[in-house]
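*Asks:* Here is how the chains run, residue by residue.
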Amino acid sequence: MAGRWMNLGHYNAHGIPGADALGAGIERMVTGITSPADTERGIAARLRYLTASAAGYAAIERAGINVTPRTLFAWLAEERLPNKANQQRLDAAYWDLRRHNVAADLKRRLTTRGGTRIEIDPVDQTRVDPRHRRDLQTRRLTVRPRHWDVAVDAWLTDDAETLDAVWDEVIHDLGSEYDSFAYVSSIGWNA
Amino acid sequence: MYPVAMSGELGADGVAALLAEAKLAAAFDDPAERVRLRKAAGLSLEQVAKAVGVGRQTVANWEAGGMPSSPSRGKYLRLLEGLAQIHPAPAPAQEPHTAVQPQPAPGAPQVQAAQAPAAESPVAREARAGHARHQNRRRTTSTEQVHAELREKIAAAVDQELTRAGGDADAAAGALVKQAIPDVMALFARTRAQARYEHTAYPALPDILRKPSKSDPDLIWEARPSWRHPGFRRHPDGEVGVTALDVNAAYLSALKTWLPIGKLTHTVGGEHDRKRAGVHLITPPVWEHADLPSPLGDREEAGPVWVTEPTLRLLLRLAGPKHRLVEAPVIHESWTSNATETFLDSLRQVLAAARADALAAGDEVTNTYVKAMYSKFVSTLGESSHNRDIARPDWMHLIRSQAFANLWGRAHKAHQAGLGVMCALGTDELHLAGDWRQTWAEGRGLAEMKVKTDRDGQPVTYTVTAVGGGR
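Line by line, the protein sequences are chains A and B.
Just so you know, the first sequence maps onto residues 1 to 191 in this note's numbering.
Just so you know, the second sequence maps onto residues 192 to 662 in this note's numbering.
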């Protein structure tokens, strides 16, 4: 992480690491089943999605659902409902698979048109003593496809270090005060 | 007598005067020379314009080239003549010219030198023309130009869809409604180009503006009214006739509201700052007027609530010396930013003009398109997956509350005009007893009111009767 902020919060500035905001922004682009994980409708939809492919069964296993085929069939036939713990595991497995499946589409959305322009809201300095404040404006810049490709892959594998490295590279384009945008209050884009 | 003498004088001296003016005009034919003389004398455009009796821009035009004959031109030329005597033209600037080119035959540079001040070389002329074109292109566009451009854009989109649908109005309207969100965002971006303030499209939001989940609302109270007069009830043989009215394009009018430009910042307590806007945590005053809906809408809870700028401003106005209808609300906390009331006004004017034209021409396709544009603009301003161009849930709340505050304003106006307010519902519905046409014109314009119609197209009217001892 680029780091002239040394110790963010020392003078009461508030912000989150840019990499976290970037990951959250990518996360916001993922859509899927909206029915809650503890309703019959939500459970049925998740099961249907997870049992439609081999990758789905792999996701079920990764999420730690160890049930007999007999139980799984009973769930699918809606004769029985999974217990609370398994409902949560099903939800986790569903979103895990969903992220993997939409990653390619996210990359396409972010990289067509030569990248996507993002708006960076600087850290919140309202509670900082005026003499310690930095002069920071809202900035916009276009993040290029090569950065998006790496960022989406890193987001998919929860690789915070790579995401951080990508963010450092991205903010280099902001010019001499890029360092001040290592932490941000929010970022947003349209893709 | 006098006019005759005048014309006689003109007849004799007029020719001479005209000749003299033409001579002067020829002498000061070079626009650069006119500029040089004025600057040599240290005069500003305004000073010259005032002395000659024309506008500043006219003098600027004269100095830029064109000098059509006009009564003031003679004065201007005489001024130049006088200035030329004080500041004679410097010896033509061939010295450096000849100095750097001593090699050619001695006759050649002298011929060139003699012609130089009069004739510009073709290359230099081309450069001048290019400069002029560049300046023209750089000139900022006026609001009128932008409005005209956007009106054409709307008309072009309608034409294109009508052509594509082969003249089928319903199909064209359907296609236009589908593309309304990107289209209105493009219009909005165009109206904001070169604007004074740059807004933040994806600000960090305070927790009160975050929805706990996709389907759950955030904490902001928009003050939506849903009010029926408690003193009356609907009765087929009632003594009071009521007409149900609709406000036209309520959300379009509500685009004119105080909107926060940047990220909202937190303040605690204190006075209301008129130059800022946002959401406020207030303890609302008690509403004690049975004949009018509460400006806080159909709120069933008492106690503190997060309200938006339009609601707070309405409450403060009603608490002010002009009305004295309520106690002033107590402001505990605020999330605000610097604000302007004209932020969406350009967009509103463009859409309102397109709507008015469409109504006058009976063009339902354009009308449907415009309606889809402003209503979807408002409904997708927040965190909508249909519109990722902007994420300002605060604006969405403020615009909606403005529409409700506007409806309350109309109810109040009706009440003051002696009409009975029977019902105020949702965004745009107002049921009135009495001759409302004295107060509003009937029609579909923004300032007019429209009679509500039922499914069969019949106007909605009914009668009510007073309940018990009420009223």
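By construction, these hints were calculated from the structure, which means they are not laboratory data.
Heads up, the beta-carbon is just placed ideally off N, CA and C, and yes, glycines get one too.
Incorrect hints may have been included.
Taking beta-carbon pairs under 7 Å as the criterion, some of the chain B residues facing chain A (in silico) [to be verified]:
1. A218
2. D221
3. Y393
4. P394
5. A395
6. K405
7. T456
8. H577
9. R579
10. A582
One-sided excerpt, in silico: chain A residues whose CB lies under 10 Å from chain B [what the hints assert, rightly or not]:
11. G15
12. L47
13. V102
14. L106
15. T126
16. W189
17. N190
18. A191
*Asks:* Now tell me, hint by hint, if it's right for this structure.
*Replies:* Verification of the hints:
no.: 1; hint: A218; result: violated (55 Å)
no.: 2; hint: D221; result: violated (46 Å)
no.: 3; hint: Y393; result: holds (2 Å)
no.: 4; hint: P394; result: holds (6 Å)
no.: 5; hint: A395; result: holds (4 Å)
no.: 6; hint: K405; result: holds (6 Å)
no.: 7; hint: T456; result: holds (5 Å)
no.: 8; hint: H577; result: violated (11 Å)
no.: 9; hint: R579; result: holds (4 Å)
no.: 10; hint: A582; result: holds (6 Å)
no.: 11; hint: G15; result: holds (9 Å)
no.: 12; hint: L47; result: violated (21 Å)
no.: 13; hint: V102; result: violated (13 Å)
no.: 14; hint: L106; result: violated (13 Å)
no.: 15; hint: T126; result: holds (5 Å)
no.: 16; hint: W189; result: holds (7 Å)
no.: 17; hint: N190; result: holds (4 Å)
no.: 18; hint: A191; result: holds (7 Å)
Taken one by one, the earlier hints fail for this structure at numbers 1, 2, 8, 12, 13, 14, listed in ascending order.
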